[in-house]
Structure formats: C-alpha cells, structure tokens
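*Asks:* So the sequences go chain by chain: L and W.
Reading the first sequence from the start, the letters are residues 98 to 384 in the numbering used here.
Reading the second sequence from the start, the letters are residues 17 to 249 in the numbering used here.
Keep in mind that the hints were calculated from the coordinates and are not lab data.
C-beta atoms are modelled at their ideal positions from N, C-alpha and C, and glycine is treated no differently.
One or more of the hints may lead you astray.
So the derived list for chain W, only partly shown, Cβ under 7 Å to chain L, looks like this [claimed, not checked]: (1) F68; (2) L86; (3) H89; (4) R93; (5) L98; (6) G102; (7) R104; (8) P107; (9) S108; (10) G118; (11) D239.
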Amino acid sequence: MGLQFYVQNALGGLAYGSLLFLIASGLTLIFGLMRIINLAQTAFYLLGAYVGLTLVAHGTNFWLASVAGGAVTMVLGLAVYSAFLHRYHADHLTSLLLTLGFALILDDGVLAVWGGDPRSIAPPPGLAGSIHIGTLVFPEYWLAVIAISFTIAAVLFFALQRTMLGVMIRASVDDEEMARGLGVDVNRAFFVVFAAGAFIAGLGGLLGGPITSAYPGLDGEITPLAFAVVIVGGMGSLTGALVGSLLIGLVNAFGKAMFPELSYFTIFVPVALIMAFRPQGLFGRKL
Amino acid sequence: MSLLEVDDIHTYYEHSHILQGVSLQAESGRVTALLGRNGVGKTTLIRSVIGFTPPRTGGIRFSGESIERLPSHTIARRGVGLVPQGRRVFPSLTVEENLRLGGLPGRAGRWTLETVYTMFPRLRDRVANYGGQLSGGEQQMVAIGRALMSNPVLLLMDEPSEGLAPLIVRELERTMCALKETGLAIVLVEQNLPLALAVADTAYIISKGRVVFHGDPQTIRTDDEVRTKYLGI
Ligand SMILES: Nc1ncnc2c1ncn2[C@@H]1O[C@H](COP(=O)(O)OP(=O)(O)OP(=O)(O)O)[C@@H](O)[C@H]1O
Ligand SMILES: [Mg+2]
Chain L
98 MGLQFYVQNA
108 LGGLAYGSLL
118 FLIASGLTLI
128 FGLMRIINLA
138 QTAFYLLGAY
148 VGLTLVAHGT
158 NFWLASVAGG
168 AVTMVLGLAV
178 YSAFLHRYHA
188 DHLTSLLLTL
198 GFALILDDGV
208 LAVWGGDPRS
218 IAPPPGLAGS
228 IHIGTLVFPE
238 YWLAVIAISF
248 TIAAVLFFAL
258 QRTMLGVMIR
268 ASVDDEEMAR
278 GLGVDVNRAF
288 FVVFAAGAFI
298 AGLGGLLGGP
308 ITSAYPGLDG
318 EITPLAFAVV
328 IVGGMGSLTG
338 ALVGSLLIGL
348 VNAFGKAMFP
358 ELSYFTIFVP
368 VALIMAFRPQ
378 GLFGRKL
Chain W
17 MSLLEVDDIH
27 TYYEHSHILQ
37 GVSLQAESGR
47 VTALLGRNGV
57 GKTTLIRSVI
67 GFTPPRTGGI
77 RFSGESIERL
87 PSHTIARRGV
97 GLVPQGRRVF
107 PSLTVEENLR
117 LGGLPGRAGR
127 WTLETVYTMF
137 PRLRDRVANY
147 GGQLSGGEQQ
157 MVAIGRALMS
167 NPVLLLMDEP
177 SEGLAPLIVR
187 ELERTMCALK
197 ETGLAIVLVE
207 QNLPLALAVA
217 DTAYIISKGR
227 VVFHGDPQTI
237 RTDDEVRTKY
247 LGI
C-alpha cells in the first residue's frame, strides 16, 4: 500500500464525509431543536439528486440545478413539516413514524417518476479531471466537494454563532420553554431550521451525485452513516456533525479499502466505542 | 384596576390539580410576595402567568387584557419579565448573548446592555463567558438582567435568593428595592422570609394550591400562628 493508497482514500473519505455533513448537519440541528428524528433527511438528498439531474439533462447549469434541487426539497419538506410534523415535536415515536412514512413515500415516488435504473452523474465541466502532483492523483471534483461543504459549514457556523437568529436557535436547543418565556417565537426558529436542513440535504443530492450516483435505495444506504455521524458527534452539535462526518467518511473509506468484507462493521466500531465511553457524543451535552 | 389580576385560576399538571382557585393582584411600583412551604404551587402560579402551564379555568388579566390563552412569547412581549426558579441561564450563550436575547421583545425603556452592566458591574467582566461558567450569584445577575432587558412592566421572580451567599442576598435586596423605585411591579416568590418581608409591600401565603393569607407583610412577621401554620417556622 503506497502513498497513493492513503492519499486516495483520505481524499475520498473526506469528500464522502463532506457529503455526509450536508445531511447530518440538518439531522443534528433538527433533533437538537425539535426532538424530531428525521428519517427522511437522506430521502431529501436523493430527491435533490433526481431533481438536479433532470434539470441538468435539460441543459441547466450544474450549480444552478443543485440549488434548484435544494429549493424543491425544501418546499416539499416544509409542506410536510407544516401539515403534520410540527404538531409532534416532543412525541418521538409519532414523529419518527411520520418521517419514516414520508421517506417511504418519497422513495416510491422517486421510483415511479425516475425508474429503478441507477443514474450516474457527471461532474460539471471543468472539474472532471485530476490534479497530478508527482505520482499522486487528486480528482478535482472531490476537492471541489470538500471546499463547497466547508463553505456551507462556515456559513452555518456564522449563522449560529454570530447572528441573533443563531442566538435564538442555540437558546431554544438549551431550554426551549425558557426561550419562549423571554419572547422567542420558537416555532419560527423550528421552521427556519427545518427549511435549512431540507435545503442543504437537497442541495447535496446533485453535488454528491458524481460521487454516490443516484438510485432508489441510496438513501437507505446513507441513513445509517448519517446517524452514525450524529451519534459520534453528539446530537444538536454542529461542530460534532462536522467532525463526525469527516471521521465517519474516513473510517468508511479506509474500512472499505482495507477490509472490504467488513465494510459496514468498521463504521460501527467508532459508534460502539462512543456509545460505551461517551454516550453524549464527542461534542454533545451530557445526557 | 391592578396591573396583574389573577382570578380564580385552576392549574393542572396532567391529572394533578395543583392550583385550586387562586386569585391575586399585583400593582406597579410594589413588591407582591408569594410565600408558602415547598410544593404548594408557587412556581405553578408563576408558570400559569407566563403561559408555560396555562390555567384550565379562571382568568389572568395583565394591563386590563386577558392573557391566559396567549402563548408565552406573546405574554413576554407584552411586558412580563421572568426570573425563573433555578435561573435557567442558557449555557450555550455568552453572558452578553443571554442579555441580548432578553432584549428581543424590542420594548423601549431604561434597560439596555449598558444600564444592566451599570447595575451589575461584575457582568461586564464576564460578557464573553458562557452561561455554564458562571458562579451562582453571577447567574442570578444574568437572569435578572436578562429579564430587565425587555423593559418589562411586571417582573416575576421565583426564588431569586436560592443558593446565594448572604452578601449577595443583601445585594439582591437592594436591587429589588431599586427596581421597585422605577415603577416596576414585582411578584416575588421567596423561601427566605426575612428577605421577602424586607422588600414586600403586600404578601400572599399559599397552601395546598389555595391562598390562605393575604395582607400586610408585618402581620406575618408578628403573627406566630400564621407563621407556624402555613410556613412551618
Ligand atoms: N411538571 C410537573 N408535573 C407534575 N407535577 C408537578 C410538576 N411540577 C411540579 N409538580 C407538582 O406540583 C406541586 C406544586 O409544585 P410547585 O413547583 O408549583 O411548588 P412550589 O411551591 O414552587 O415549591 P418549591 O418551593 O419547592 O419551589 C408539587 O407537588 C409538585 O410535585
Ligand atoms: Mg417553586
């Protein structure tokens, strides 16, 4: 195993981890704030991918199509949130079943509209090549995905740490009732966070397409990884989602490369360790 | 007409009938003390007023308007400030963010970051500290400052002296007297009887979810029977 092996897998792992962050950031914030375990978060990703690839096939610019995929997902997510979910915040079982049902409906909808064949998605023109440094090869698109995800992470951190809306959201995660008692319209914060979570996951669909491609069932494959991220990072923590995503991405890449027959198992080694020794996750608050 | 008029409210937690027909009034520029043993429903009364646990029956009027069916954030924005039992300072927010959040209702008045820091100079050295890193006394200052930032006309204070050193309690007493001078109405729940009697203009004693005494705080100081029967001291 030469240097290229490590570079390749590290970069692949970071790129995949970056995509996981786009899903897990919403997952962790939605749970931290509303106590909703959104099982449809990866279905949002898949829907974003299909909407995006359809637009690209009709000549839309790749980046614009990604944003459009996010927007469509966000509108659909908000409709479901407003119609059903918002009533069941504290009710874990009901909200869990609701999001599971919604994920199944989305899956079937995707299958009905786009069919069952896997769709490969080409990177946007200009990013399809690789950068060569000595004997090492870096796929340009992987680097781009990492850069975009880190930019989105930076925007999220800024919004959460430096804006009044962020203060309201953090306060509501800490103590929702007290926030209400100080005049915070917590429901508005819920709405905004659910919208942002759905948008970013949907946006990630097409962005991740060149790496994951799109096919029915992809969401079901990503869901355990996304939840592994949230458990490792700590529920409700954006920092945790970022660190957890990169960690799980790397473990996933190296696990698959080094122990292909154990690939799923390797992911859950860190999860089991965290659950045993730090149940609140790396950056979560004490349970 | 009083600023706050609680009229025969019945408040429940699920099936437990906690407040069983409580009525009380609070006036501007006065401290209304709410006394009683542990678990008699004092906090539940505060929670009923701010809308955390709305009464099932009965009415609550604030500035002449019914508020018992309004959501908490609307009640807060109308001018009800809350210093809750246990302080409930947000641990993920800095001192300054805690205060700025309190100012969210955007009501104009004398209280700003600057005037809060003038009242509690120690907080100025702690602006960037997170809520979890403060001493009990500092947390109490944040909790009070945070409530004042909305420039309330009614301040609900639930056991503000709980867990504070005697010196800090003296400070708290001065603070409450100063706030009263500004015309604020204060509803004060206190276990610390000397403190409560020192600042209160009128007092209620609650027992088992009902008001059993209402009158001059002096009476409680002098009447042994009231004290032993309802306060256990
Ligand atoms: N969330 C709740 N669910 C069910 N019962 C509750 C809840 N909170 C309080 N109670 C019960 O309601 C009763 C009144 O509680 P409350 O907190 O109002 O008392 P309190 O007078 O404030 O007491 P303390 O002096 O200890 O603060 C108590 O018997 C308590 O056990
Ligand atoms: Mg109490």
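*Asks:* Going through the numbered hints above, which ones does this structure break? Give me the numbers in ascending order.
*Replies:* 2, 6, 11
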